[in-house]
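For chain F, the structure is supplied; the task is to place chains D, A and C on it using the hints.
Line by line, the protein sequences are chains F, D, A and C. No gaps in the numbering here: position 228 of the first sequence is 228 in this note's numbering, and each next residue is one more. To get this note's numbering, take the position in the second sequence, counting from 1, and add 1000. To get this note's numbering, take the position in the third sequence, counting from 1, and add 2000. To get this note's numbering, take the position in the fourth sequence, counting from 1, and add 3000.
Keep in mind the hints are simulated off the structure, nothing from the lab. Worth double-checking, as some hints may not be accurate.
Restricting the straight-line Cα-Cα distance to at most 27 Å, the calculated cross-link-like pairs of lysine-lysine (DSSO-like) are [said to hold, decoys possible]: (1) D/K1053 x F/K167; (2) F/K53 x F/K264; (3) C/K3167 x A/K2167; (4) D/K1053 x D/K1264; (5) A/K2264 x A/K2053; (6) C/K3053 x C/K3264.
Number of protein chains: 4
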Amino acid sequence: MFSGLPADVAGPIETRFAQAGCPVISNSSSHRMDDGVPLLVPEVNPDHLALLKARSGRGFIVTNPNCSTVMIALVLAPLAARFGLEAVVATTLQALSGAGYPGVASLDITDNVVPFIANEEEKIPRETRKILGRLNGGRVTPAEFAVSAQCHRVNVIDGHMAALRVKLARAAEPAELRQAFESFTALPQELHLPSAPARPIVVRDEPDRPQPRLDRDAGGGMSVSVGRIARDDVMGHRFVALSHNTIRGAAGAAILNAELLLAKGYLHPGD
Amino acid sequence: MFSGLPADVAGPIETRFAQAGCPVISNSSSHRMDDGVPLLVPEVNPDHLALLKARSGRGFIVTNPNCSTVMIALVLAPLAARFGLEAVVATTLQALSGAGYPGVASLDITDNVVPFIANEEEKIPRETRKILGRLNGGRVTPAEFAVSAQCHRVNVIDGHMAALRVKLARAAEPAELRQAFESFTALPQELHLPSAPARPIVVRDEPDRPQPRLDRDAGGGMSVSVGRIARDDVMGHRFVALSHNTIRGAAGAAILNAELLLAKGYLHPGD
Amino acid sequence: MFSGLPADVAGPIETRFAQAGCPVISNSSSHRMDDGVPLLVPEVNPDHLALLKARSGRGFIVTNPNCSTVMIALVLAPLAARFGLEAVVATTLQALSGAGYPGVASLDITDNVVPFIANEEEKIPRETRKILGRLNGGRVTPAEFAVSAQCHRVNVIDGHMAALRVKLARAAEPAELRQAFESFTALPQELHLPSAPARPIVVRDEPDRPQPRLDRDAGGGMSVSVGRIARDDVMGHRFVALSHNTIRGAAGAAILNAELLLAKGYLHPGD
Amino acid sequence: MFSGLPADVAGPIETRFAQAGCPVISNSSSHRMDDGVPLLVPEVNPDHLALLKARSGRGFIVTNPNCSTVMIALVLAPLAARFGLEAVVATTLQALSGAGYPGVASLDITDNVVPFIANEEEKIPRETRKILGRLNGGRVTPAEFAVSAQCHRVNVIDGHMAALRVKLARAAEPAELRQAFESFTALPQELHLPSAPARPIVVRDEPDRPQPRLDRDAGGGMSVSVGRIARDDVMGHRFVALSHNTIRGAAGAAILNAELLLAKGYLHPGD
Chain F
1 MFSGLPADVA
11 GPIETRFAQA
21 GCPVISNSSS
31 HRMDDGVPLL
41 VPEVNPDHLA
51 LLKARSGRGF
61 IVTNPNCSTV
71 MIALVLAPLA
81 ARFGLEAVVA
91 TTLQALSGAG
101 YPGVASLDIT
111 DNVVPFIANE
121 EEKIPRETRK
131 ILGRLNGGRV
141 TPAEFAVSAQ
151 CHRVNVIDGH
161 MAALRVKLAR
171 AAEPAELRQA
181 FESFTALPQE
191 LHLPSAPARP
201 IVVRDEPDRP
211 QPRLDRDAGG
221 GMSVSVGRIA
231 RDDVMGHRFV
241 ALSHNTIRGA
251 AGAAILNAEL
261 LLAKGYLHPG
271 D
Chain D
1001 MFSGLPADVA
1011 GPIETRFAQA
1021 GCPVISNSSS
1031 HRMDDGVPLL
1041 VPEVNPDHLA
1051 LLKARSGRGF
1061 IVTNPNCSTV
1071 MIALVLAPLA
1081 ARFGLEAVVA
1091 TTLQALSGAG
1101 YPGVASLDIT
1111 DNVVPFIANE
1121 EEKIPRETRK
1131 ILGRLNGGRV
1141 TPAEFAVSAQ
1151 CHRVNVIDGH
1161 MAALRVKLAR
1171 AAEPAELRQA
1181 FESFTALPQE
1191 LHLPSAPARP
1201 IVVRDEPDRP
1211 QPRLDRDAGG
1221 GMSVSVGRIA
1231 RDDVMGHRFV
1241 ALSHNTIRGA
1251 AGAAILNAEL
1261 LLAKGYLHPG
1271 D
Chain A
2001 MFSGLPADVA
2011 GPIETRFAQA
2021 GCPVISNSSS
2031 HRMDDGVPLL
2041 VPEVNPDHLA
2051 LLKARSGRGF
2061 IVTNPNCSTV
2071 MIALVLAPLA
2081 ARFGLEAVVA
2091 TTLQALSGAG
2101 YPGVASLDIT
2111 DNVVPFIANE
2121 EEKIPRETRK
2131 ILGRLNGGRV
2141 TPAEFAVSAQ
2151 CHRVNVIDGH
2161 MAALRVKLAR
2171 AAEPAELRQA
2181 FESFTALPQE
2191 LHLPSAPARP
2201 IVVRDEPDRP
2211 QPRLDRDAGG
2221 GMSVSVGRIA
2231 RDDVMGHRFV
2241 ALSHNTIRGA
2251 AGAAILNAEL
2261 LLAKGYLHPG
2271 D
Chain C
3001 MFSGLPADVA
3011 GPIETRFAQA
3021 GCPVISNSSS
3031 HRMDDGVPLL
3041 VPEVNPDHLA
3051 LLKARSGRGF
3061 IVTNPNCSTV
3071 MIALVLAPLA
3081 ARFGLEAVVA
3091 TTLQALSGAG
3101 YPGVASLDIT
3111 DNVVPFIANE
3121 EEKIPRETRK
3131 ILGRLNGGRV
3141 TPAEFAVSAQ
3151 CHRVNVIDGH
3161 MAALRVKLAR
3171 AAEPAELRQA
3181 FESFTALPQE
3191 LHLPSAPARP
3201 IVVRDEPDRP
3211 QPRLDRDAGG
3221 GMSVSVGRIA
3231 RDDVMGHRFV
3241 ALSHNTIRGA
3251 AGAAILNAEL
3261 LLAKGYLHPG
3271 D
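If we strip away everything but chain F, and leave its shape as in the complex, we get (with noise of 0.2 Å):
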């Protein structure tokens, strides 16, 4: 589909692409807060992708979001629409694969906890609130309710876990969240986008789950996972989710970007 790029076209490599006429579709965070670039979870903002109709020509750039904000906005998608939302508190515990090879060294792990994850505490709030924004005017303006972040690398493999505390703007029951994650679906599953797992959140009732190795691969590797669902005396609710963070949290979200842009008429792969 694409043959080189003119020696005219300067800059980061992805908006070259773009200038260039290809469509990209990027992992890296380059461009995730970049005004005409869609930040999209397929099952979340699907609409977000009308960023794309005000460009000129096929060239553009879509992303997915950092490797623990996509379940986090996965979540909390269906929270928001059924019960708004006004505030969000996310601890996360995340895997070694999260910081890529050779990343943590095994000194630093073994028998431990490092709580800091360069830029993870910024980005995990501004792109949650960009994701769950509505589109205006040829914009995104971020959803307006505030989110804190804190981050600790584990000495898991692979699956990042968060504990979160949701402030919701309507009161509910447990038991109508656990519903609100259990009924959802979306966009993806209705296209059968190959990636697209039946249950985009698989709610656990057992005490102690999820858990990175026994959830990471549900619906392989594309499911949230989320258990632990109670009042929390602070925040109004609170619920853990868990994902894999190299599936759902990166190749794979790219992936199932590339299948709802095949599906929707964004990519052309006879060109």
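Relative to chain F, chains D, A and C alone:
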């Protein structure tokens, strides 16, 4: 000092010893919430020992808190004193030794996190509020702030971590919290109790500290290390605390309690 | 097939079932060394099933070896056949799942190795020599080579490793050992037994393989991976073997045994 | 003591310093096998310092062995002296810190073992034989016994383990080996060198010892722990050794070397 329980003293072992005239300094959770029992952190609520005044004879029970609560109460104390506290959100990453021996099966925790520790999410709020509560007509009125706890077992041998957010009663710069932590000393330091660390709270300014393996032995395992102090969009402020769960969080806490009791005339070693 | 044990059949459970006329295919260690009981690795000693011929009725016991022994016997088989074996030195690094559940306490194995597994250093020699022994007048005469085993528990979920040195009866180039391993197939492969891997022994030529996490699932967990084949100044040759201890080393071994028994007419599923 | 390298001194850094008249006490592997360089374990071969006698001036290089070799040489020394040694089979389980920092990637070693450490299987035999070799006309003739090494990286922070088999020159009861280990002391103990442990070899009689986490700090990290002494069907005897790889296996070894050099008049601190 003690030559046997009278035959007519019935009930749980700690109660029986106390009724038989013994001072009981206990690390167990059985009597922590009892009305006449101080839940003691010597740096935080030594005035609660007045609960013992009402008792006839020398028998009594003094308890120390749950292994996570002690560090949470300790770091909240200077904040409550200086700024007032309105709410606390605590997310813990707790070490294996907290579960005793044999405790957690290696097959359950290798390459894994378990988001459940029995009763822990209930103990932390109620114990924290009792410790930071006020003596009131011979009883402790629990502090009024709400506490939310989400607790996780992680693959660390020793050292409990807590990601904390606090809502203070008045505006404060992060540097003021830092100063409140760093300058905090209390009665055990004044009395030079043998197990009292010179600094109950050690502030770490590196972006990736505290860490269990590097910081659990601060102050001989009796100091709590604090780092990552920052503003928080939802709660106002946040930081990370860490302490040695089997020293400050268990045996060391009981010993420091005994040292305070001795210094204050509650124990009579010559008996 | 089986409708209850007659009341007059006493003794250990496997013996009682066998005496009651049942075929018993067991993974337990109780009867492995019994005279009339084949200790079966289908690729290695299917001829040992002749031990069952002498029995009247359909009841019998067939066992599979200890989780480390099965992989050791499997890789020794082609060497014994081609070069003759005079001595074997096996040092194992065994996975946590070998101890069952809850098994090894996390506090015992985190940041640690335990150089002891009960009875393992005795089982490996005697079982290996029985498996590679010769049928002789209705009994198995153990192979005559000496076997030395030193066994260690390491912090790995699944996958037993064995560092092996062998003294062969005749001179051989390492490449000849490699060829013996790689070309090895046997009766289960001929019979296309459902659980038989296409290659019982997979040779890895990378300098740092086999590794438990990367190689334990070779052949659906039924292949043994071998690497680091080299000359050895003391014993003559050395190499490293690895297999999945709960598949080829336990349940999968028993199933493959059952498949062989069925194929050879020892089981009568229609009964 | 040292004020700069003369401009005309070329070559590797240690050689240049030595040629410039400096005593060089090195932990690096570069010169260990050089003819005029003692590969020193003060308890084992202090007589090798005579190699330095031939040198004019004060410059020289003294090295300590590879982190696994030092413990192997130390435990072999009393066996060689009492019983004679004919062959040694060493299988190591080595700690992460042996690879330096950042060293081993966490993704490579979590839930895993790596059966490869670059050059280690070559270093152990040649260094062991040099250390236990005999001074002969101003050179060291390597000991004649064969040594086989198989080396593995395991998920342990500090503490190298070696499963050892030895073929002795004369018959011996396991209790005699135990006695040889336990009673072993040498020149550093006689001279009361500051870093010399009271007992260079600590015998553990529990069936599951030594273990890295429990025994690596024996003798301040300078003692080697030995356990599981037993007969071996192939080699004659076997046992397990463990020592702290960054103390006795590296920095501590170099310091003990310096202490011996000082005590024997090879260093002149007042210069």
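Hints, verified against the model:
1. D/K1053 x F/K167: The given pair, whose Cα atoms are some 44 Å apart, is violated under the 27 Å limit.
2. F/K53 x F/K264: With Cα atoms ~12 Å apart, F/K53 and F/K264 stay inside 27 Å; holds.
3. C/K3167 x A/K2167: 15 Å, holds
4. D/K1053 x D/K1264: 12 Å, holds
5. A/K2264 x A/K2053: It holds: about 12 Å lies between the C-alpha atoms, which stays within 27 Å.
6. C/K3053 x C/K3264: Distance ~12 Å between C/K3053 and C/K3264 Cα, so the pair holds.
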